Amino acid sequence: GENVEQHPSTLSVQEGDSAVIKCTYSDSASNYFPWYKQELGKRPQLIIDIRSNVGEKKDQRIAVTLNKTAKHFSLHITETQPEDSAVYFCAAGVRTGNTPLVFGKGTRLSVIA
Amino acid sequence: DAGVTQSPTHLIKTRGQQVTLRCSPKSGHDTVSWYQQALGQGPQFIFQYYEEEERQRGNFPDRFSGHQFPNYSSELNVNALLLGDSALYLCASSIGQGGIYEQYFGPGTRLTVT
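Chains H and L, in that order, are what the protein sequence lines are.
All residue numbers for the first sequence refer to this note's numbering, where the first residue is 1 and numbers rise by one.
All residue numbers for the second sequence refer to this note's numbering, where the first residue is 1001 and numbers rise by one.
The set of hints was computed from the structure by calculation and includes no laboratory data.
Since this is a predicted model, take the numbers as computed values, not measurements.
Just so you know, nobody snuck in bad clues.
So the derived label-pair ranges between C-beta atoms look like this: (1) Gly1(H) x Glu1052(L): 23 to 31 Å; (2) Thr1112(L) x Ala29(H): 36 to 44 Å; (3) Leu1082(L) x Asp59(H): 36 to 44 Å; (4) Asn1077(L) x Asp27(H): 26 to 34 Å.
Note that the Cβ used here is the ideal one computed from N, Cα and C, for glycine as well.
Input sequences plus hints: build the corresponding full structure.
Written as structure tokens, this is what we have:
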């Protein structure tokens, strides 16, 4: 089955700097890669996703890149703000078929003001 | 537009007991997936329901079972509770058979087994 590895487990950046979180996946059939943000005590919130027919997607200060050949994808946050502090999860799955969405173990991002 | 709701928010049970958790999907969604999130870990897939049937199942024992109702709401049942079942249980809703695109999570039910 699918296996998703996420690095780093913790990340501290100064406000205004960029943050990058990287994930690798094992199943070449995976074609959907969402990122979730989970603040303390709250539900995971979908912040951006990318499908395998696209190499990059951007939404304001957040961007995700996908390298299908290397089976890795990354989340980039620019101009970080204190409210970006949270745990971020990547996930991978197959749009159709009988495989579920598999999550990484998460990255705790701290933005220091 | 109502989002995903779950009840109860917190629950404390004793080993060996049984528990039922409930989830109402986001308006317009017909697929419900359940996840277990242990402290400091990512969500782990339990199972998914669509058209009142279990469509996919993760690596969880038969003590974990579920149901989906005609209005798309869902229940998660756990029998013979173990200490290791203590976790945040999340449901996520989406659209379409086997849908994993754009899953929206509920606030979760925090289960503590003593």
